[in-house]
Structure formats: C-alpha cells, structure tokens
Amino acid sequence: MISSYILPILIFIMLVFATIKKTKPYNSFVDGAKESINLIVDIFAYIVAVFIFIEIFDKSGLCDILTKVLSPVFNVLGIPTELTKLVVLKPFSGSGGLAILQNVYDIYGVDSYIARCASVILASSDTVFYVSTVYFSKTSVKKLGIAIPIALCATLLSTILACLFCKIF
Amino acid sequence: MLTGIILMIFKSPDLIISSMMSASESSVNLCISLLAIYAVWLGLLKILENTGFNKQLAKWLSPIIGFLFGKNIDEYTKSQIAINLSSNILGLGNAATPSAIKAMQGLDPKTGKINNSMTMLMIVNCLSFQLLPTTIMGLMVASNSTNPSGIILPTICTSILTGVIIITITKLIFKVRKKHDK
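Sequence order for the protein chains is A and B. For the first sequence, counting from 1, position 147 maps to 147 in this note's numbering; every step adds exactly one. Just remember that this note's numbering sits 169 ahead of the position in the second sequence, which is counted from 1.
Derived by calculation from the structure, the hints in this document are not laboratory data. For clarity, every value in this text was computed on a predicted model and none was experimentally measured. Be aware that one or more of the hints could be misleading.
Said to hold, decoys possible - List of simulated lysine to any residue pairs, SDA-like, C-alpha gap at most 25 Å:
| # | chain 1 | residue 1 | chain 2 | residue 2 |
| --- | --- | --- | --- | --- |
| 1 | B | K279 | A | L144 |
| 2 | B | K180 | A | L66 |
| 3 | A | K142 | A | N75 |
| 4 | A | K167 | A | N75 |
| 5 | B | K224 | A | D31 |
| 6 | B | K228 | A | A49 |
| 7 | B | K240 | A | V16 |
| 8 | B | K279 | A | I20 |
| 9 | A | K167 | A | T67 |
| 10 | A | K34 | B | K180 |
| 11 | A | K21 | B | K180 |
| 12 | A | K138 | B | K180 |
| 13 | A | K22 | B | K180 |
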C-alpha cells in the first residue's frame, strides 16, 4: 500500500532538509520531545474525566436507551438501524467506535453495504467530546458555546452523507 | 453523567466504582502510549520548525488560514495551525493533536471566553479531513476485505461536502452574531 510509504518518505525529507539547513536536527528533536511530558501532565486529568464519563455512559445502559430512542429517527434519515450504536458512541470514544466497527465487520462481512457505511462514517468524523476537552485543556476557556452543537451537527451530517455516498459508489 | 449514575444506582450499584477505576486505568494506559507518540511527533515537528519549514507552510496556507480563522493571528500560532491542518489531511491524527493544543493557546484571548477562531479550529478538527483513512483501511485489510480502497472516494466526498456545508453555516452564525452585538 502506498500509505505505508508516505511517512518514512516525509521523515526522510525532513531530516535531509534539516541537514542542508544546518539546524542541528538532534538538538531540535530532544527539545521537542521534552515538551511531550508537560503536555501529557496537563491533559491527563481531562482524559481521565472523559474516560469515566464514557464508561458510565456505556455501562449504565444510557447508551442503549439513546440507541433505542434514536433508531427510528436515524432510519428516516437513511442511516441503517444496525449502525445507531456506532453513531451514538463515536463522538465520545474513538476506540469504542473502532471496537464496534470490528464487530460490524464480523457480523455483516467486511464488504457489505453496512460495513462500508460504518467505515466511511468512522473515517469522516472525529471524537467530538474527546477533541474538545483535550484541545481546550491549556486555554482559559471554560464554556465552549456553539462549538459542540455545531461539531455534533457536522457528525450527523457526515453520517447521513456517508450512507448516501456508499449507496451511490 | 448524573443520569448515568442514577441509572446505575438502580441497576448495578456495585459497578459504579469498579467502572470508574477501570476507566481511570485505561486513561493512564492511553496517556502513557500518548506520551510515547507525542515525544516522537513533537521531536520531529521541532526539527521541522527549526528548519523554518513551518513558516513556509503557513505562508502557503495563509489564504485558507486567513479565511477560516481571521487575519489577526501571530506568526507562531499560524504555523501551528498550518501543521495541524496538514497533519489532518495526511491522516496523522497523533501529530495533529499537539499542534492543535499549541494553536489553541495562541488563539486564546485569556478572557475565559471562546472566540470565533477557536470555535472554527475545533470544528475543522472534528471534520477530520483526510486523504487516506489509513486506520480504517488497515482494519479492513485485517478482516480480509476485497476492496479496502473502495472507501476512499465516499470518504473524501463526505468530508468535503460536510466541510463546505458546516463551515458555511458556522461563518453565517458568526455574521449574525456580529450584527446582533452591534
């Protein structure tokens, strides 16, 4: 696959570029890598909070209730009912989404319409709640205003379009 | 969150603490693997930054950045946004996060209130534009798919159409708000 060559080539070009420009790539690397530990220390607490939230959301059955309620609505929008749980859980948890995706592959077959829909849905949306907590963890902002509603609308829209495009192509 | 806890009190009270602990445990594991990933990426990105490539990239992307995030952004933040956007497009989610955090800091007005540029940066990241959905395609290959690249075209179409619609709506909301404030 071509994709496995992209990164090594990029990194190679980067190092050649740094050598030509004489910017001491080793020192730069160490400087950059040093920042990572502070970054993790800063975002750690936020990640714990989001994870607990997701776990409670899933284990309490709230996720299943939401799935049941939303199924008919999603059906009207052209989203297969089998994928409701995926759509509900995805904004919260990336790994949860991938686990459901694998499950869908196993049940319906990886090349089925449902599986293709699920793949495109996951590929074209991000974990809204995770992104929002981590991205804003080092800022003074406490309330995100319209950012989350719009991001959730984007997720829903991309889900509908994903199912549509999977039918066309 | 509260509803979830209440539901659990009725259904399985003994699960509350154990699921909180297991969630915390998995977040510690995630943070450790993130530490490894970020160390590599921040290191590589620093090499790139010191070569001056970031500024060049920011210059190339500056029409897009100006359109999406406004003109009053300092050089450093601009280059972080440029890195964030390009790593999203290349499907390098792990490189996108640290640059997004830095960019957010740069855009932060320090008043505690979110501004339009920050809203836009978050939304653009949630759209997850990418040319090659490598993670998903990897999973498909692992499940013996006959046509893993078949999802590329629908994914790109979905991303672009969603992006255009959502960014237009967001811009409209910003405009309406501005008028309202006057």
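I'd like to know which numbered hints this structure contradicts. Please list them from smallest to largest. Numbers 3, 6, 7, 8, 10, 11, 12 and 13, in rising order.
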